[in-house]
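Student: If you want the building blocks of each chain, they are given just below.
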Amino acid sequence: MKIIVCIKQVPDPNTTVSKLDPNTKRLVRTGVSLILDPGDESTISAAIKLRDTIGNSELIALSMGPASAQEGMRRALAMGCDRAILVTDDALAGSDALATARVLSSVIQKEGADLVFCSTESTDGYTGMVPGGIAEFLGIPQLTFAREIKVEGTKAVIKRVIPSGYQTVECQLPAVVTIASGSFEAIYPTMKGIMSAKRKPFSQLKLADLGLDAAQVGEQGAREKILSIGQVEARAAGQIIKDDGTAAQQIADFLQRYQLL
Amino acid sequence: MAHTIWVLIELENGKPARSSLEVLGKAAKLGRAEAIVLGAAAAEVAPELGQYGAEKVYVHADETYDTYLTLPAVETVSNLLKQHQPDLLLLATTYNLRDIAARLMVRNNIGLITDATDLNFENDGLKVTVPWGGENLVTATHPYQGTGIVLVRPKAFALERYEGRTAEVETLTTTISTEAQAIKVIDTVEVASEGPALEDAAVIVSGGRGLGKAENYHLVEELAAALGGAPGATRAIVDAGWLPYSYQIGQTGKTVKPTLYIAAGISGAIQHLSGMKGSKFIVAINKDENAPIFSVADFGVVGDALTILPQLTEEVKKRKA
Numbered sequence: 004m005k006i007i008v009c010i011k012q013v014p015d016p017n018t019t020v021s022k023l024d025p026n027t028k029r030l031v032r033t034g035v036s037l038i039l040d041p042g043d044e045s046t047i048s049a050a051i052k053l054r055d056t057i058g059n060s061e062l063i064a065l066s067m068g069p070a071s072a073q074e075g076m077r078r079a080l081a082m083g084c085d086r087a088i089l090v091t092d093d094a095l096a097g098s099d100a101l102a103t104a105r106v107l108s109s110v111i112q113k114e115g116a117d118l119v120f121c122s123t124e125s126t127d128g129y130t131g132m133v134p135g136g137i138a139e140f141l142g143i144p145q146l147t148f149a150r151e152i153k154v155e156g157t158k159a160v161i162k163r164v165i166p167s168g169y170q171t172v173e174c175q176l177p178a179v180v181t182i183a184s185g186s187f188e189a190i191y192p193t194m195k196g197i198m199s200a201k202r203k204p205f206s207q208l209k210l211a212d213l214g215l216d217a218a219q220v221g222e223q224g225a226r227e228k229i230l231s232i233g234q235v236e237a238r239a240a241g242q243i244i245k246d247d248g249t250a251a252q253q254i255a256d257f258l259q260r261y262q263l264l
Numbered sequence: 046m047a048h049t050i051w052v053l054i055e056l057e058n059g060k061p062a063r064s065s066l067e068v069l070g071k072a073a074k075l076g077r078a079e080a081i082v083l084g085a086a087a088a089e090v091a092p093e094l095g096q097y098g099a100e101k102v103y104v105h106a107d108e109t110y111d112t113y114l115t116l117p118a119v120e121t122v123s124n125l126l127k128q129h130q131p132d133l134l135l136l137a138t139t140y141n142l143r144d145i146a147a148r149l150m151v152r153n154n155i156g157l158i159t160d161a162t163d164l165n166f167e168n169d170g171l172k173v174t175v176p177w178g179g180e181n182l183v184t185a186t187h188p189y190q191g192t193g194i195v196l197v198r199p200k201a202f203a204l205e206r207y208e209g210r211t212a213e214v215e216t217l218t219t220t221i222s223t224e225a226q227a228i229k230v231i232d233t234v235e236v237a238s239e240g241p242a243l244e245d246a247a248v249i250v251s252g253g254r255g256l257g258k259a260e261n262y263h264l265v266e267e268l269a270a271a272l273g274g275a276p277g278a279t280r281a282i283v284d285a286g287w288l289p290y291s292y293q294i295g296q297t298g299k300t301v302k303p304t305l306y307i308a309a310g311i312s313g314a315i316q317h318l319s320g321m322k323g324s325k326f327i328v329a330i331n332k333d334e335n336a337p338i339f340s341v342a343d344f345g346v347v348g349d350a351l352t353i354l355p356q357l358t359e360e361v362k363k364r365k366a
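Chains as they are written, first to last, in our numbering: chain A, 4 to 264; chain B, 46 to 366.
Note that these hints are calculated values from the structure, not bench results.
What you are looking at is a predicted structure, and each value in this text was computed from that prediction instead of being measured.
Please note that a few of the clues may not be correct.
[Unchecked claim] In silico BS3-like cross-links for lysine-lysine, where the CA-CA straight-line distance does not exceed 27 angstroms: (1) B:LYS229 to A:LYS158; (2) B:LYS229 to A:LYS5; (3) A:LYS22 to B:LYS299; (4) A:LYS228 to B:LYS200; (5) A:LYS153 to B:LYS229; (6) A:LYS162 to B:LYS60; (7) A:LYS22 to B:LYS332; (8) A:LYS22 to B:LYS325; (9) A:LYS228 to B:LYS363; (10) B:LYS200 to B:LYS322.
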């Protein structure tokens, strides 16, 4: 079985408050620590677990992004993916969810996958529209918000998180599956994994390799347009203290001062 | 000419979801609101949609929509889009509607804007407001002719009543294709929960990954109880199975605006911040002094929530006594 996991490198959500550049209207990526999306670590782990359960299967990490995205993909390889494909092309800058789904699905079409794993949504853009978009481009079903997944014969079966509990949902393969973040314990790369990642196949593709027209992607192809970028009214800077053993009392003092007790 | 705005109404146990009705009310303010309601209960639900703003309702009372996810609705709405061309398809941000929206975007090659908190037609163009990240407020539009999709952030609009309005009902008689019956719901398990009244609570104490493990969450519940508030959670610990979804605060959970919000062991990913930033006072406890949660905190403590929470619970009890 061939499994493809779609991943993304994002500004570290634990250390960065993401910003948009008012001129380019794009995410500020310079001077920002970029990491493999933490949600993707969970998704990759789910895919590795399934590959190892099924056996005799290949797991490919797929991403679209600038050349610097290689780092995140190396981590995916170190975690246990078998090979990596990065689509990188200047014409892709400013792509929307529709264009991203178009590009990723064209690679998946070429490779021919039985299962495509995605995170439910990325940790920077949060649109959550790419996985369903990929499924629609490929004309295959999508199983979303999975916290468990198994393959039974020619079917994929998941436990789907819903607001009131969960559902058991199934479909025929091939299918796209989205993983609810945190549902699978992330696998940490071992030293052996990191060393072997350097020798694993890593291919880079351009738009032309996929037979896609530059007018369908990037800023040109975007079906939405940003008109302006303003500032949210900032909260006044608060007081930050280090706990010296009296933090609980100081918080209580703060609550009392504003009559919150 | 008035703009036509379509709203796909989600059904929950045979009743229209409140989030869909809020969106319908906004649509009626923007122009001519038309609702689409699909599922076994659709015919019963349709007449009452007038009083929430619908001037017309497309109805397909077919239980296929309840058994098979996403694809039947995508097929029916796409067919309707081909026959009529509304200016806008406006949807609440829920799990099911997000799945439907993504496929509609591709099948009909149309623009889609997510996480909107406001929208208006100005000079014949649509202007959509989207808070982005911690600091930016973006306005965006669909630059092309034809229908666009906008997904609205939960609680962005209040429920509106249009007393005395009755909607024209058009009953659809299409047959759902077999290809659209591909994603089958085998069973649904409701997880019983006390259901903390997060949306209405004046005080919320919320926990995240920094609590270390599920067994430590009781520290959050105890402080919430001492303050007379409700306990909440981040998406990360809900997804990890510590708590039911009803506790989740954030972009894909509940949006809350209490007087006091205490964030314990929460780093402050955008996902979470967007659901609680409207709180009047924010207190944050986190080990990492660089955690984004401190950028919105009125009072922040760099320290271990596991140590401070029980101390604070005692201190609160003492001072309230």
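Student: Please name the hints from earlier in the document that this structure breaks, with their numbers sorted from lowest to highest.
Tutor: 9
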